[in-house]
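Position chain B relative to chain A; hints supplied.
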Amino acid sequence: MEWLQQLINGISLGSIYALIALGYTMVYGIIKLINFAHGDVFMVGSFIGFYSITVFGLGFFPALIISMAACALFGVIIERIAYKRLRNATRIAALITAIGVSLLIEYGVIYIRGAQPEAYPDVFSNRSFELFGAQISVQSILILSVSVVLMILLQFIVHKTKTGKAMRAVSHDTEAAKLMGINVDNTISATFAIGSALAGAAGVIFGVYYTKIDPLMGVIPGVKAFVAAVLGGIGIIPGAMVGGLVLGVVETIVSALGFSLWRDAAAFVILILILIFRPSGIFGKNTREKV
Amino acid sequence: MKKSKQFWPFIIAAVIVYAVVQFLISNGMMNQFYSNTLIFISINIILAVSLHLVIGITGQFSIGHAGFLAVGAYISAIVTMKLHLPFIVAILVGGIVAALAGLVVGIPSLRLKGDYLAIATLGFAEIIRIVFLNIDAVGGAAGMQVSHLTTWTYAFVCLVITILVIVNFTNSRHGIASISVRENEIASDAMGINTTYYKVIAFSIGSFFAGVAGALYSHNFYIIQPSQFGFLKSFDILIFVVLGGLGSLSGAVLSAILLTVVSTYLQGYPETRMIIYSLVLILVMLYRPKGLMGTMEITDYFKLWRTPKGGGQHGK
Numbered sequence: 005m006e007w008l009q010q011l012i013n014g015i016s017l018g019s020i021y022a023l024i025a026l027g028y029t030m031v032y033g034i035i036k037l038i039n040f041a042h043g044d045v046f047m048v049g050s051f052i053g054f055y056s057i058t059v060f061g062l063g064f065f066p067a068l069i070i071s072m073a074a075c076a077l078f079g080v081i082i083e084r085i086a087y088k089r090l091r092n093a094t095r096i097a098a099l100i101t102a103i104g105v106s107l108l109i110e111y112g113v114i115y116i117r118g119a120q121p122e123a124y125p126d127v128f129s130n131r132s133f134e135l136f137g138a139q140i141s142v143q144s145i146l147i148l149s150v151s152v153v154l155m156i157l158l159q160f161i162v163h164k165t166k167t168g169k170a171m172r173a174v175s176h177d178t179e180a181a182k183l184m185g186i187n188v189d190n191t192i193s194a195t196f197a198i199g200s201a202l203a204g205a206a207g208v209i210f211g212v213y214y215t216k217i218d219p220l221m222g223v224i225p226g227v228k229a230f231v232a233a234v235l236g237g238i239g240i241i242p243g244a245m246v247g248g249l250v251l252g253v254v255e256t257i258v259s260a261l262g263f264s265l266w267r268d269a270a271a272f273v274i275l276i277l278i279l280i281f282r283p284s285g286i287f288g289k290n291t292r293e294k295v
Numbered sequence: 048m049k050k051s052k053q054f055w056p057f058i059i060a061a062v063i064v065y066a067v068v069q070f071l072i073s074n075g076m077m078n079q080f081y082s083n084t085l086i087f088i089s090i091n092i093i094l095a096v097s098l099h100l101v102i103g104i105t106g107q108f109s110i111g112h113a114g115f116l117a118v119g120a121y122i123s124a125i126v127t128m129k130l131h132l133p134f135i136v137a138i139l140v141g142g143i144v145a146a147l148a149g150l151v152v153g154i155p156s157l158r159l160k161g162d163y164l165a166i167a168t169l170g171f172a173e174i175i176r177i178v179f180l181n182i183d184a185v186g187g188a189a190g191m192q193v194s195h196l197t198t199w200t201y202a203f204v205c206l207v208i209t210i211l212v213i214v215n216f217t218n219s220r221h222g223i224a225s226i227s228v229r230e231n232e233i234a235s236d237a238m239g240i241n242t243t244y245y246k247v248i249a250f251s252i253g254s255f256f257a258g259v260a261g262a263l264y265s266h267n268f269y270i271i272q273p274s275q276f277g278f279l280k281s282f283d284i285l286i287f288v289v290l291g292g293l294g295s296l297s298g299a300v301l302s303a304i305l306l307t308v309v310s311t312y313l314q315g316y317p318e319t320r321m322i323i324y325s326l327v328l329i330l331v332m333l334y335r336p337k338g339l340m341g342t343m344e345i346t347d348y349f350k351l352w353r354t355p356k357g358g359g360q361h362g363k
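Each protein sequence line maps, in turn, to chains A and B. Plus 4 on top of the position in the first sequence (first one is 1) and you've got the numbering used here. Plus 47 on top of the position in the second sequence (first one is 1) and you've got the numbering used here.
Simulated from the structure, these hints should not be mistaken for lab results. It is possible that part of the hints are untrue.
Straight-line alpha carbon distances no greater than 25 Å define the calculated SDA-like cross-link-like pairs of lysine to any residue that follow [stated by the list, open to error]:
no., chain 1, residue 1, chain 2, residue 2
1, B, K280, A, K169
2, B, K160, A, D177
3, A, K169, A, K289
4, B, K280, A, W266
5, A, K88, B, L326
6, B, K160, A, R89
7, A, K36, B, G187
8, B, K160, A, V273
9, B, K337, B, L279
10, B, K280, A, A119
11, A, K88, B, D162
12, B, K280, A, I217
13, B, K160, A, R95
14, A, K216, B, D162
15, A, K36, B, K160
16, B, K337, A, R91
So here's chain A without its partners, still in its complex pose (with noise of 0.2 Å):
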């Protein structure tokens, strides 16, 4: 059963995307803005998690808990440092400061402990079973059921929380929010804590399932999780979901189909097909232009 091998697969990439695509589609649909540096935070996250396991000896899950909490306070500090004079300036120098944050944090990384890869130790044991004939890693499985908890975790907290109530507010209307009392700079901090703490642990997890590491991974998949937020719809929380599996399940396809070098132009393609015909996304709705 070669194409559920490949499904399991594909899922388990498309919850990693989905994971990252969840922080910039919650920070695009309260401030506007593409955190381009989200990428990075992905990054940072999984050195973090990297070092947890090697140098401290802890497990998977103190490990995954320790770079959520890092990648958090990360954050919060580039939102307050960098972006948050930035809240009337224009769109595009907003984007520029982003490129030129993430920048920064590519190669302050490289400056401190240089370009060389790493190797993620193994934290599960490679053990395998099989369903239907396709062999399925106890590794894998795990993989998923963290996203899922973690996705469930954020719709809890997105539907059911004070803070929660106060980003869908902040989100709907600005000026409103702050009229009704909302405190705005605190609930985009929360937002950038909870959206960088998914991308840690996105990076974790990558971590151990690719075991490859390096201070520049961050950059393809950072796109692509954005390519993911567009295509479910950005600014909907179940949209980057969505669109995070699918985007992980075409690409896999693209590879197994045996166009592995065209994997990246793959997400591209989807992209522009996408921004050209329904910029909106799948779940957006159409917005009438105001003069």
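Then chain B, alone, in the frame of chain A:
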């Protein structure tokens, strides 16, 4: 800015600069390192000015300029290395094919605005790069050997032509229409300007000169590889335009010169160079979001000096 007033002084200044440098090179007073740096500066100025037309004049935020650079580089390399035609033909063919690529990319993607356009151009640039990566005839990932044909003369003549064409375009009615698209697209649409037409025109002219720069670039380096034309190259070009001031041609030229010199001296420390670049990008955006020169040109400063009260004519 009247064309008749500035055209001849510009030509004379260009001829003098060219003659002085050519004299120094042929006399052996300027060694290989410096003449190479000058060629590199010229290529970067062409790139900066061509992107300035797209971002600064027409206001279309493209971050995939390296894609057109790649098209020019590869097509011209094929013309000289496989078809054995002269270099001047290669430059022209590289530019024309890049302009066609600009049309193909621009017509669908320029319907998008702002962030979406930026991401779409980035995606197209990546697709172009992956296409070259997968064509075995141009060497794939290993790259393609190109003979060294770029000289100071070629680089400087291309530079002068680029600046002349873009300045004249900016001052023509088409340029003014493009500026109106930058200032307010809806208003200029309402005034009867075909905004899509001007966006596509500016985009393909920008791509043409990026292709010319690509031809000079590939014949200056002995080897071209798809990895030279990734995201980072696009960002390199972007920072010239942003630092100089969105909408200022002389700003783009000055920052291209400045940053090329800085990065030449930091060649041994690539990480430091990128850290400085990114810090400059962030600090300029935070404290001076219009770039160093804003939309002013150097000639506007001369006017300011002559009329001490400033007058109302600086700026756009």
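Here is how each hint holds up against the structure:
The hinted pair formed by K280 (chain B) and K169 (chain A) fails the criterion: a straight-line CA distance of about 42 Å is larger than 25 Å. At most 25 Å may separate the alpha-carbon atoms for a hinted pair to count; K160 (chain B) and D177 (chain A) meet this at roughly 22 Å. Proximity of K169 (chain A) to K289 (chain A) is assessed by CA-CA distance (about 21 Å); at most 25 Å being required, the pair is judged to hold. Between the alpha carbons of K280 (chain B) and W266 (chain A) the distance comes to roughly 21 Å, so the proposed pair stays at or under 25 Å and holds.
Between K88 (chain A) and L326 (chain B) the CA atoms are separated by roughly 17 Å; this keeps the pair inside 25 Å, and the hint holds. Of the supplied pair hints, the one linking K160 (chain B) and R89 (chain A) holds, its CA atoms being roughly 23 Å apart against a limit of 25 Å. For the suggested pair K36 (chain A) and G187 (chain B), the alpha carbons sit about 38 Å apart, so the restraint of at most 25 Å is broken. A distance of roughly 18 Å separates the Cα atoms of K160 (chain B) and V273 (chain A); the hinted pair therefore holds under the 25 Å criterion.
Between K337 (chain B) and L279 (chain B), the direct Cα distance comes to roughly 22 Å. Compliance with the 25 Å bound is thereby established for this hinted pair. Annotation: proposed proximity of K280 (chain B) to A119 (chain A) holds, straight-line Cα distance about 19 Å (limit 25 Å). With a C-alpha separation of about 19 Å, the suggested pair K88 (chain A) and D162 (chain B) falls inside the 25 Å cut-off, and the hint holds. The suggested pairing of K280 (chain B) with I217 (chain A) holds, with an alpha-carbon distance near 23 Å, which does not exceed 25 Å.
Among the hinted pairs, K160 (chain B) with R95 (chain A) is consistent with the structure: their alpha-carbon atoms are about 11 Å apart, no more than 25 Å. For the suggested pair K216 (chain A) and D162 (chain B), the alpha carbons sit about 31 Å apart, so the restraint of at most 25 Å is broken. Annotation: proposed proximity of K36 (chain A) to K160 (chain B) holds, straight-line Cα distance about 13 Å (limit 25 Å). At roughly 16 Å between alpha-carbon atoms, K337 (chain B) and R91 (chain A) fall within 25 Å of each other, so this suggested pair holds.
The earlier numbered hints that this structure contradicts are 1, 7, 14.
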